[in-house]
Structure formats: structure tokens, C-alpha cells
Amino acid sequence: MDKEEIIFNIQVEGKKIIIKFYIRKKMLSIKDLRASVEGKEILKGINLDVNAGEVHAIMGPNGSGKSTLASVLAGREEYEVTGGSVDFLGKDILDLSPEDRAREGLFLAFQYPVEIPGVSTTNFIKTAVNEKRKYHGQPPLDAVSFMKLMKEKMNLVEIDKSLLTRSINEGFSGGEKKKNEIFQMAMLEPKLTILDETDSGLDIDALRIVANGVNKLRDENRAIIVITHYQRLLDYLQPDFVHVLLNGKIVKSGTKELALELEEKGYDFIKDEFLSEAV
Amino acid sequence: MERINLEYLGEKFNQLQTIDPDNLLTDVRREGFKNFNKKRLPTFKNEEWKYTSVSDLFKKEYHLTEDELKPAISASQVDEIRLPGFENANELVFANGKYVPELSTIRSSKDQLVILPLEEAANGIYKDLVKEHLGKSALFINDAIHALNTSFIYGGVFIYAVKGQIIENPVYLYHISDAAENHILSQPRSLVFADSSSKLQLVETYKTIGSMDSFTNEVVEVAVKDNAILEYYKIQNDGPNGSHVGTTHIRQIGKCYAHTVVVSLDGGMIRNNTNIIMEAAGNEAHMYGLYLLKGNSHVDNHTLVDNRMPNCFSNELYKGVMDARSTGVFSGKIFVRPDAQKTNAYQTNNNILLSENASVNTKPQLEIFADDVKCSHGCTVGRLDEEALFYLRARGISKEHAQAMLLKAFAESIIEQIKIESLKEYAEQLIEERLKGDNS
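Which chain is which? The protein sequence lines are L and F, in order. In terms of our numbering, the first sequence opens at residue 1 and continues consecutively. In terms of our numbering, the second sequence opens at residue 1001 and continues consecutively.
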């Protein structure tokens, strides 16, 4: 159980009142995270807490460090972490390899999914699922159980079977690539998913399908970080929190109304606010 | 420093000429030995040998068994080299370079496929054919190593696919060198003739027995007539003590189709010359190569496509992966002669370096003397795609496993060109095992 309940039974003027507190389990805690690439500092002290069951949106202008944050969390090696810590379910993941982070339950849906000719999608996903199972001391899925799982998740994210027999993302359209990301997410059942501009390049129908897929995988034990420029994906996902990343720092956090305000006013009002504070 | 004991070679040569005197092959050998003595062993100053040194190979004292036709090996040793699909193949065994009929199994009928010791063919009804086609490769490969093979033509094989016959059973050539007690020089020689409208599949593989060194210096000459189909496969997976210089010289003498795949997975110093000579209009040839190297292996693929007549098509794809301290060489030459208008000739060579100590030299060469042709070449040298590697790892696949998946995918486009199913599966399995293992 990733959720704790605290129940108070009190009597007020002879009436019994039950008060329940739900304490959401802390999933991710980023503290003063700093990272640079080729000597240039991109992340300049990120602080962010994400609890199980929550959806956080991270917005911000181009070059603010959104995708860098996603890459650093997933373990991309060209980024050098120069300070801070990232605690994921009680473990400091900055010391873990990308594969171990994935096996611990972290999933990055790529902004630009890579085409890999010659490696079949099905074989790839089967390998990934079984390596994760092995890590957790579980036996590999046999062919029948694997096919059953595939079928179930294919329906969930409305992905065409023919795509899965092809090489990974090879010749896929933009929408198909993003659907494939969500399909992989469904198969791997991660605890924390980072959607890195998953909405970019999607038409309205594809966006709806992708968003529905994500929503179906939501539950109180899983959390999602959505990196996006646009309100339209947030309309579907309804985030609990919205953060604005500017120049390598989270400069403003709020609820989903903040996203609407950004949509209306652009980032300038935050920049002004932020700059005047800095002065 | 004396590179090879010339006195010993001369002695052996004279011995052989006495054993097998006064016939067609005696003359061919004499000419060969004359050339051998005239040429010097190639050094890096020779453009064709710029990146491959044979001097170490010729510093050893080899045992020559040129006059011994008796099998030096046993049937159980043959079992160790047999390739999958052998139940359905014509299996020709070469012991120390000599064709051994007693250990070989011919499964095709004589009406379809004739397989004879080369001496028998040269002195019997195929004399004219042998005279016409034997030794043609010397016009293209005229170094001392090739001449050395010609000097000792004895115990070779003659393979003849009869006109109009689709040979269902592929021909497997097993080359076994017995280096248990001495360094051994094996010099197999084969002459192949695919008559009009025939189909023939040739497969060669090599094995060194024992811990001393072997050097296989091989020449295979193939003539393919009109409407015939020739497939040629070479699988090299011998130990580091097995070195090889081999010339496969395919002449398309009628409008026909040739398909070659050379797979090199292990060995010492390896040089493969694969030549396609298009002597008729409308020829088509496909050439593939994969070299997946570890340890100190050195593999040099020299290819030649000589377009001499109009309307020929050739496509060439060679791929290499170099690990540890291994070195790869690719040199691909395409000639388009003045008469070869409307030639289509394409060539690609892709290389991946996995280690800082591995290296590759790649050299495409086009020499075009006709003005209405389409030719292209391209080569790449790089590392494994880091983006793809990260993508796989980000899904929980270990770095080693992800790397193996990517390399297997890289190799697959060559392996899938092996049209003998059991052989293709075998090659896939060898590659999978290799990619899982230690490649230092």
C-alpha cells in the first residue's frame, strides 16, 4: 500500500464524527539539483517533491531546462550532475545506471523516440519487461503470458498490432512513435512517468488517444510529470500542480489555473515578476 | 631476414614435378613457380597490401605436405567442422589443402554435378575446360602469394554443374589444417564451372587442428555461363592461429547472376580477395561481407567488380565491427571499361569501432572509362549509436545486452543474405554467442 490512512473518531456535542486523513507517500524528492552539459550549467538548483497519485506539469519557455531535467532524471550520461540529490522511493537514483532507474520504476517517454532499424519492437519490449522482472527476482514471462499482456495493453492505448512487428519506431509517424511510448509505459507499469513533450507533433485525435492512454494508467500509486508547452494536453490530464521552469530554476508553482494564466499571458509576466524579485 | 625457406620450397616443388610429370598441371605449376621467384612478397609499399602485412606469416617455418594426398585427418575430425545442413549437402573435405575423396560425401547425382580431383579432370574429358579456365585469376591477382598457390596445384578439386541443372544440394568445402605438430601451409585450389542455366551453391569454411599455426593460401576460380545462378558463401571462424589468404575469382562469362557472402568472425591474419569479372552484357552481381572481430584478428576484404560489357548491375555491402585490438580493412575497386555503358554499380562499407585500440582502413576506388554509367560508393566509420543505446537502457535493458541487440541488428542485413536457411541460422547463432561473450 502506497497510501496511508489516518482515521480520527471524535465526538462533538454527542455526534460521532469520523475524520480521515490520507497521507500520500512521497515518491520523488529533488533537492537543489544542478547539472551542466559541456561545462555550461543548465539546471541551477531544482527543488521538487512529487507524491504518489499526483500529476505535476512542468512548463517553461524554450531553453529553460525542462528536457534537461527529464534527461538527468532518466540518467543520460552527457549531462553532468554537479550538485543536489534525487531521492526516488527512498533511493538516491543519481548513482544508478539508466537501466537500474528504469527497473526501479522510472519511465521517460521520449520527446524524440529513437528509430532502431533491425530490432523488432516486440522483442525489445519483451526483453525490457523480463529484465525488469529479473531485477525484482521474478521469473521471465512465458510466451503465452507475454502475448496476453501485449494484447491487453494494445487495446488500452489503441495501438495497431502491425506496428509492433516492425523495427522499433522505424518509419513510424510522429503520432505512432508517441503511441508506442505510451504502449511501452503500459507494458512496464512504471511508478513514475515523465512525459517529455509527448504532445508535440500530435494531431487532435492522436493527442486524445495518447492522453486517454495515460489517464487509464493513472492510479493512486503512480505519479506523472508532464513536460509541455501547451494547455491542450493538460486539459485531458488535469494536473494537481503546475510549475514554471525558468533559467534552470522552478520560479513559480501553483494549481492547474496557473497553466491557464500562462496560456493567456505568456511567460513574460513571470519573467517580470521573477526579475523584479531578483533585483 | 629470410622470410620463407626458398630452398625447401624449391625442393618440394621439384619433388612434386617428379611425382606428377608431363601433363597440363605440370606446365601450369612451372609457370607459377617462375612467377613466384620473380615476384617479391608484397610489402606495405604495394598499394594492394598497404594495410595488411604478410611478413610475419612468412617468417615461420612451415611444413609442406604438397606430395601427400593421403588423408592426414580422421573422420571424427571431419565431424568437428561439419556445418548445419550437411545432411543435405555435398561435403568436400580438404586435408592440409588436398581434396580427400575418401572423406567426402557426394549427394547429388553425377548427371547433375560432377566432382573430380583436379588432376583427373585435367587429364580426362574435362581437359579442354580446365585448360581454358584454370589460372585466369592470375591476370588480376599477380602477387607472389597467388603464384605460390599455383606453383603447388596438386590435390585440387574440379566442380562442374551440368547444363540446365538446378543443384539442390549445396557444395560444402571443409578446409582442415592439421597443425598439431608443425606450422602448416595449406594451399587448396578449386576450379568451378557452372554451365548454362544451372544453379550452384558453394560454401567454404576453415578449421585448424592443434596449437601450432596454419596458413591457408587458397585460390578458387569460378566460371559462370549464361542464365546460371551462382551463390558463394565463406564462413571464417577459425582460431587466432589460423591465417588465410584467399582469392575467389568469379567470371561471369554469359549473362548470369552471382551472389557472394563472406562472414569473418575469428582468425589470425585474413585476406579475402573477392573478384567479379563481368565478361558478358547484362550481368548481375551482389556481394556482401560481415567482419565481426575480436582479440588481435586482422581481416582484409579486397573486392573487385570489373565491368567490361554494357548493362551490368552490381551491388556491394560490407559491414564491420572491430573490438579489442582487432583491425579491419576494406578495399573495394570498381572498374567500368569503355565498352561498359549503362553500368549500375553501387558500393557501401559501414564500420563500427567498439574499442579505442581497434582500427579500420576503408578505401573505395572507382575507375570509370565509360560516360553513361551510374556508380556510387560510400563508407562510414563510427561508434555505436549512443542515442539508440540510451533508449534501450532507459527501458531497463542492460548496457551489454543493449549493445548486443544493436550490433546484431547491424549484422542482420548481411546475414539475411545467406540463402541457405540452416546456414543462415547457424551464422545468427554464432553471432549471438559472440555478442554475449568476452571479446578481449
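Keep in mind that the hints are not guaranteed to be accurate.
[As the list claims (entries may be wrong)] Some chain F residues close to chain L (C-beta under 10 Å, calculated; not the full set):
(1) L1006
(2) A1072
(3) I1125
(4) L1129
(5) K1131
(6) T1380
(7) G1382
(8) E1386
(9) E1387
(10) F1390
(11) I1397
(12) A1409
FYI, nobody ran anything at the bench for these hints, they're computed from the structure. From a predicted model like this one, the values you see are computed outputs, not experimental measurements. Heads up, the beta-carbon is just placed ideally off N, CA and C, and yes, glycines get one too.
A quick look at each hint next to the structure:
Hint status for F:L1006: violated, given a least beta-carbon distance of 50 Å to chain L, over 10 Å. At its closest, the beta carbon of F:A1072 sits 43 Å from a beta carbon of chain L; the interface hint therefore is violated under the 10 Å criterion. Here the hint on F:I1125 is broken, as its CB sits about 50 Å from the closest CB of chain L, past 10 Å. At a threshold of 10 Å, the smallest CB-CB gap from F:L1129 to chain L is about 43 Å, leaving the interface hint violated.
Of the supplied interface hints, the one on F:K1131 is violated, with its beta-carbon coming no nearer than about 48 Å to a beta-carbon of chain L, more than 10 Å. Given the 10 Å rule on beta carbons, the hint for F:T1380 is violated: about 14 Å separates it from the nearest Cβ of chain L. Contact between F:G1382 and chain L, as hinted, is not supported at the beta carbon level, the nearest pair being about 15 Å apart and thus beyond 10 Å. Of the supplied interface hints, the one on F:E1386 holds, with its beta-carbon coming within about 8 Å of a beta-carbon of chain L, less than 10 Å.
For F:E1387, the shortest C-beta to C-beta distance to chain L is roughly 5 Å, which falls under 10 Å, so the interface hint holds. Taking 10 Å as the C-beta cut-off, the interface hint given for F:F1390 holds, the closest approach to chain L being about 6 Å. Here the hint on F:I1397 is kept, as its CB sits about 5 Å from the closest CB of chain L, short of 10 Å. A distance limit of 10 Å between C-beta atoms decides the matter here; for F:A1409 the minimum to chain L is near 3 Å, and the interface restraint holds.
Hints 1, 2, 3, 4, 5, 6 and 7, counting from the list given before, are not met by this structure.
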